[in-house]
Every structure is written in structure tokens, then in C-alpha cells.
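Participant: Read off the chains here:
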Amino acid sequence: EAQVTQNPRYLITVTGKKLTVTCSQNMNHEYMSWYRQDPGLGLRQIYYSMNVEVTDKGDVPEGYKVSRKEKRNFPLILESPSPNQTSLYFCASRSKLSSYNEQFFGPGTRLTVL
Amino acid sequence: QKEVEQDPGPLSVPEGAIVSLNCTYSNSAFQYFMWYRQYSRKGPELLMYTYSSGNKEDGRFTAQVDKSSKYISLFIRDSQPSDSATYLCAMSLPSYQKVTFGIGTKLQVIP
Numbered sequence: 001e002a003q004v005t006q007n008p009r010y011l012i013t014v015t016g017k018k019l020t021v022t023c024s025q026n027m028n029h030e031y032m033s034w035y036r037q038d039p040g041l042g043l044r045q046i047y048y049s050m051n052v053e054v055t056d057k058g059d060v061p062e063g064y065k066v067s068r069k070e071k072r073n074f075p076l077i078l079e080s081p082s083p084n085q086t087s088l089y090f091c092a093s094r095s096k097l098s099s100y101n102e103q104f105f106g107p108g109t110r111l112t113v114l
Numbered sequence: 115q116k117e118v119e120q121d122p123g124p125l126s127v128p129e130g131a132i133v134s135l136n137c138t139y140s141n142s143a144f145q146y147f148m149w150y151r152q153y154s155r156k157g158p159e160l161l162m163y164t165y166s167s168g169n170k171e172d173g174r175f176t177a178q179v180d181k182s183s184k185y186i187s188l189f190i191r192d193s194q195p196s197d198s199a200t201y202l203c204a205m206s207l208p209s210y211q212k213v214t215f216g217i218g219t220k221l222q223v224i225p
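Quick note, the sequences are listed as chains E and D, same order.
So the first sequence is numbered by the working numbering: it starts at 1 and just counts up by one.
So the second sequence is numbered by the working numbering: it starts at 115 and just counts up by one.
Simulated from the structure, these hints should not be mistaken for laboratory data.
There may be inaccurate statements among the hints.
[Said to hold, decoys possible] With beta-carbon atoms standing in for the labels, derived distance ranges:
| id | chain 1 | residue 1 | chain 2 | residue 2 | range |
| --- | --- | --- | --- | --- | --- |
| 1 | E | Ser82 | D | Asp192 | 42 to 50 Å |
| 2 | E | Thr13 | D | Pro225 | 34 to 42 Å |
| 3 | D | Ser154 | E | Pro8 | 17 to 25 Å |
| 4 | D | Ser140 | E | Asp56 | 18 to 26 Å |
| 5 | E | Asn7 | D | Pro225 | 33 to 41 Å |
| 6 | D | Pro124 | E | Lys71 | 33 to 41 Å |
Glycine included, every Cβ here is placed at the ideal spot set by N, Cα and C.
Kindly generate the complete structure, drawing on both the sequences and the hints.
Facilitator: Quick look at the structure:
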């Protein structure tokens with residue numbers, strides 16, 4: 001089954017404790033993105049990657065890091081999480097052949113930073 | 115002013131009603147227009163897309179784009195309880211990675 005998977009699905013942590021949210025897709029997509037979704041603000045792009053070793057900032061990159069060492073994986077790293085990073089996070093992927101930017105989203109990771 | 119404006123609702127309608135969901139936008143360069151549906155505790159999934167202006171119909175769903183007014187709509191005919199979800203409009207420039215989303219309208223269809 002074609003899908004985007006994220007782990008963990010739920011995470012409660014404390015301020016300053018480094019964490020990684022993994023994302024993997026099995027559709028051989030070139031493009032991958034991370035979004036956060038907050039009430040009243042909608043989906044905002046954090047980082048995106050157009051291919052292996054190619055990443056760029058989205059609208060809200062502060063406090064986040066990403067890496068793209070393999071085509072299928074795109075982990076999101078919070079080196080020193082803070083409470084304002086409490087949010088619902090989505091990973092998404094799409095094929096570079098998609099002419100209308102259809103993105104396939106993962107199931108989401110709900111992060112709480114205390 | 116946000117690039118994309120969308121009323122968050124919630125919108126409650128009886129089963130069988132026609133639902134109209136709308137977004138306005140400010141960037142006249144947007145060319146691709148999409149509607150995503152997001153069920154509770156799930157990721158968004160693409161429902162419909164259109165390129166430039168015009169209408170597109172898919173079963174009970176119709177997407178409309180009016181570029182002159184910078185206004186897009188999604189119509190749902192004969193709404194069903196299974197249509198209860200949050201609907202996000204989205205749009206992008208041609209051949210560009212960035213997609214801009216509306217905040218989503220929460221729809222509840224009451225049996």
C-alpha cells in the first residue's frame with residue numbers, strides 16, 4: 001500500500017530534550033515536506049526537500065532541522081524543543097511528475113512540549 | 115492580510131443539503147487550486163484539483179475557480195454524514211514546491 005508513515009504518532013516531552021520525528025514514504029517520491037498545523041493558523045510548511053541532500057526552509061523553520069540522506073526518509077529534528085512547538089505535525093510527499101502539486105500526507109504526530 | 119482566507123466554521127447542515135465552501139486569495143499568480151479533506155485524527159487527502167479558472171465535477175463534488183474575483187468554491191450535493199470533516203483549500207504557483215493552505219472549514223452533516 002502506497003503510504004507516508006510517521007513515528008511516533010503521539011509524543012509528550014519536556015523543554016530542551018532533543019527529539020526526532022521520523023517520516024518515510026514508499027512511493028519513490030522526490031519531494032517531501034514537513035508541516036505543522038495549529039488552530040486558527042492552518043497548515044504551515046516548516047521545511048521541504050526536492051531530492052536527496054537538497055533541503056530548504058519553508059515558512060516557519062526556526063527551531064527545526066531536517067535531513068534527507070535517503071530518498072524515502074525525511075526526519076524532523078527538534079534540537080531543543082520549546083512549548084511553542086506544541087503542535088500537530090504532518091509529513092507529506094509528492095512526485096516531481098505531479099503537475100498540480102498533489103501531496104500525500106502522513107497520519108500526523110501530535111507533539112506536546114511541557 | 116493572509117494570502118488565503120477561509121472561514122473556519124463550524125458549518126452544520128442536515129443530511130441531503132447542498133454545501134458551499136469558499137476561499138479567497140490575494141496572489142493573482144496562483145494557478146493550481148486544490149481541495150483537501152481531513153478527517154479527525156487523520157492527515158489531509160486530496161479531494162479535487164483544478165488548473166486556472168473554470169469548473170470541475172466529480173460525483174457529488176464540484177470545484178469552481180473564479181480568478182477574476184480570486185475566489186474558489188467547493189460544492190457538495192446530497193451531503194452525507196460521511197462528508198463530516200475539515201475541508202482545506204490549497205493553491206500553488208506553477209511548477210513550484212510551495213503550497214499555501216487555508217485554515218480549513220469544519221463541516222458537520224447531521225443525519
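Participant: Look at the Cβ atoms of asparagine 7 of chain E and proline 225 of chain D and judge whether their distance stays inside 33 to 41 Å.
Facilitator: holds (36 Å)
Participant: Cβ-Cβ distance between serine 82 of chain E and aspartate 192 of chain D: within 42 to 50 Å?
Facilitator: Check passed, 47 Å falls within 42 to 50 Å.
Participant: Do proline 124 of chain D and lysine 71 of chain E keep their Cβ atoms within the hinted range of 33 to 41 Å?
Facilitator: Check passed, 40 Å falls within 33 to 41 Å.
Participant: Using the C-beta atoms of serine 140 of chain D and aspartate 56 of chain E, is the stated range 18 to 26 Å upheld?
Facilitator: holds (23 Å)
Participant: Falls inside 34 to 42 Å, the C-beta gap from threonine 13 of chain E to proline 225 of chain D?
Facilitator: The hint (34 to 42 Å, Cβ to Cβ) holds, given that threonine 13 of chain E and proline 225 of chain D are roughly 40 Å apart.
Participant: Could you see if the CB distance from serine 154 of chain D to proline 8 of chain E stays within 17 to 25 Å?
Facilitator: holds (19 Å)
Of the numbered hints stated above, none is contradicted by the structure.
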